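Work out the full structure: start from the sequences and follow the hints.
Order-wise, the sequence lines are chains E, W and U. Using this note's numbering, you'd call the opening residue of the first sequence number 509 and step up by one each time. Using this note's numbering, you'd call the opening residue of the second sequence number 509 and step up by one each time. Using this note's numbering, you'd call the opening residue of the third sequence number 509 and step up by one each time.
No lab work stands behind these hints, which were simulated from the structure alone. All figures in this text were calculated on a predicted structure; none of them were measured in a lab. No incorrect hints appear here.
On the chain W side, residues computed to face chain U include the following (Cβ under 10 angstroms):
id, residue
1, ALA547
2, VAL552
3, SER553
4, GLN556
5, ILE587
6, ASP613
7, ILE614
8, GLY628
9, GLU629
10, PHE638
11, TYR641
12, PRO665
Don't be surprised by glycine CBs; every beta carbon is placed ideally from N, CA and C.
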Amino acid sequence: MNVNDVSFERERPDVYGDAHPKALLRAIQEDGDYLVQLANQHIVSGDQFDQATMKQLFRLAAKIESNPKRFHSPLQNKILISAFYEPSTRTRLSFESAWHRLGGDIMSITDRSTTGIAKGESLADVAEMFNNYGDCVVLRDTNESSLFEMMDALRIPIINAGNGTDEHPTQALADMYAIFKWRPALLDASNNEKIKIGVIGVPNKMRTVRSLLKSLSVFPHAVEELVIIHDEASAAELFGADQREELELRGIKIRITTDLNAVLPELDVVYINAISWEGDTFNTYGNSFSLSAKSPLKHDAIILHPLARGEELAMDLDNTPHNWYFSQARGAVFLRMALLTCMVERAERVIDVV
Amino acid sequence: MNVNDVSFERERPDVYGDAHPKALLRAIQEDGDYLVQLANQHIVSGDQFDQATMKQLFRLAAKIESNPKRFHSPLQNKILISAFYEPSTRTRLSFESAWHRLGGDIMSITDRSTTGIAKGESLADVAEMFNNYGDCVVLRDTNESSLFEMMDALRIPIINAGNGTDEHPTQALADMYAIFKWRPALLDASNNEKIKIGVIGVPNKMRTVRSLLKSLSVFPHAVEELVIIHDEASAAELFGADQREELELRGIKIRITTDLNAVLPELDVVYINAISWEGDTFNTYGNSFSLSAKSPLKHDAIILHPLARGEELAMDLDNTPHNWYFSQARGAVFLRMALLTCMVERAERVIDVV
Amino acid sequence: MNVNDVSFERERPDVYGDAHPKALLRAIQEDGDYLVQLANQHIVSGDQFDQATMKQLFRLAAKIESNPKRFHSPLQNKILISAFYEPSTRTRLSFESAWHRLGGDIMSITDRSTTGIAKGESLADVAEMFNNYGDCVVLRDTNESSLFEMMDALRIPIINAGNGTDEHPTQALADMYAIFKWRPALLDASNNEKIKIGVIGVPNKMRTVRSLLKSLSVFPHAVEELVIIHDEASAAELFGADQREELELRGIKIRITTDLNAVLPELDVVYINAISWEGDTFNTYGNSFSLSAKSPLKHDAIILHPLARGEELAMDLDNTPHNWYFSQARGAVFLRMALLTCMVERAERVIDVV
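Structure follows, in structure tokens:
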């Protein structure tokens, strides 16, 4: 075998440069108090933080992404309990990579069937065990309520990494981080910048979409219009109880449509997620929708996708400027590094101004 | 979502203060020689150590529990092979947490079906592999003899974390550590302090009970009476061959009864474990027995339970002073930290007097 | 239980002393340039390196084996993605042990069924995820092509730890390392030393054999003759297309035979591997062949075996001087430590002459 056949390039033209995170970093004034307060909060929902706290989180993520090698040991001697009772490789590795890059150790549970829970142990007892064994819990479970049953007994923080069809808040934070990295001017109402964002999917059935819309509603000044693109079949169950009303109450203007290509030319950001994972199985909502390099996208529009992708997102988009989904996935690691550092009482190790 | 809904308290009134471990620490004079000798021993049985060695182990555990942050790196660059051929989350995480808190790295095997053993590889060959790959092995297997087959080929220490229905010695050490933490005066015969301890279960069928009784028999001066509480169904198979005789030979006075509530008012310590795990299945012995806040317990009696619990231990006991089972579970991590440090030739890093 | 029953010896007479690695170390002049170049190469095939590069790798492995405690942190803050879609305990632990001994962290995937791949995610997308999450990938897959599909999208190095029945190059490097450790004079053509090596197995069906023969062919001066020992049933499919021709083109003289005991008295090195793992199942080729202490081996012949072993290799050989298979397994960890250090741009931390 020829050595040339096995050579590879570590660097190549892509959207991963440090220009964007550095611009975002410059756009936000550091205020460490917001980060220190995160040490006593579980992460449950896409809208649990106010605007100022989210901005500080995005700032810290951008700071880490601008210079990843600077922050290598704040979590030394800290242990993450990575409990994926609903199996997931992508989200699990994203959290575990973030934790390891901060110098921490990890204990993984990747199979619910062999745990005490399967044998009837209460989640409160499991939480009590976690209190003794680790410093932070990341939980994914097909059961929406497991998170809340554990929370009551925990004295260490827990992160909701997907609870049934309910929420997936750190995915939403990563989505928002990608949007602000792309266009930092959206952060401040005084800039008067706004985007039209289209979301392909069913807010009532997809936890990533539900959490994203909640996070988006914390920044209503940045959203000119939110367009939900869905198929006819899901029209009747598009929103959950009060879901639409709460978003509108916060100032989000919502339009719904079933015609993707008609609305595409208007959109600045397109969020696509045509598959909804529900435990071990999945459903396809809007499988009539797909994006490709031939779609009538605005020339400077960006596409976001929580991945893994199916046929709804053509690979011919990967090498176009519309591809921000890879940057979104990469940024999720830095966003989680920022969040985790603060949650386990190590914020002071990464703040410049104390 | 309101931030207050996701806030939590890291500290709260509980039995986890450092008063008890500090009292135990003061009650024992350090003698590091006993700990250094642990570097050439496998951990197999609840009675393999003499009284002096066990006291030094409990002292070191109490020293760590009194100040956990002091001991963070003695196992740096040491690798634990965590081999749970019989799946277990609780015991596995307890060992792995202990190892990580000491600064070591871990390789986990959580599924026997994919190993060479399943394909007919001999346990001696597996042990030879472990010699090359790690510094210590923790083994749980449904097969009682696996431990012994590996031991013969090992040049690194192995810990029995449960071999069939035979033994689970570190659980017993953790049980004893909880008892002495609760009442340090029991350690020395010269204090003339004694307890009545009741054990709900079947010594012949439960590895935790078998190991506990062995460990208990190393301190006969502390036991006024051991009461075995069992149901009629298990009367004929209550003890294994010579099991009762050996305990009595060492000076343990044994009574057996089937009437829990009649004996409860006499007991200082109640050990309950009404479920016996046997591989992937479990049997319930004495399911007529259960403890709750309404049980006629002595006012200062403590309850121990190896967990996970079923219906035999009511949650209304959790917030009573009888609850020492949570302290027992927590202490198990510190006990294992003490043991592991010594086993991999790092005792000198945690001893004050060398 | 008596303490003597649980005592063990950390040291005992064996082939693991440091005399052999030290002799190999002395036999090779350091030239770090070859090692630095490894930072931009995937590890795919047994013959991708030239002789000079392989010698430097063996030298570094011998340097580490001569003094393992000297090299404990070159991979600090580096993350290995250990992706064993085809389950394997032995090879996985060998790589993970090597990585941990260098101070790095690990994320393991031990089950393909729960990954996005099982749900239709492309391997290119998985590779893109790995780019963001880790610093190096070790991949084992039953599918020969998975490796190549990932390689194209990777910006971090990947190691082929077994791709179907194709190759297992680091096993071959470990095999060669064992041979040169045993007899360092074979390294240089000017010494005019040669061995006869017998390989029991089917080069067309066994990835370990295929890779070994390729690696062997990089050192044709050391091979007087290669004898392939096979059963009648596999005569028709013994070699793949061009496999034999390529080896002969490089100067390897090949003989084939079905009579093991007739050829054994001639052989200096016997490589036995009578079982071929193919995904979750295995096939036995040449099950009429086996080695034991009664086999007519040359008095100074050595036996190599990639392990795990079945009935083809009797345990009565373990305590004879023919047993170099344990040394081979042990050396594989050091060989992998050498390779991994170089692949993640840390070669300069272990080279004396820079």
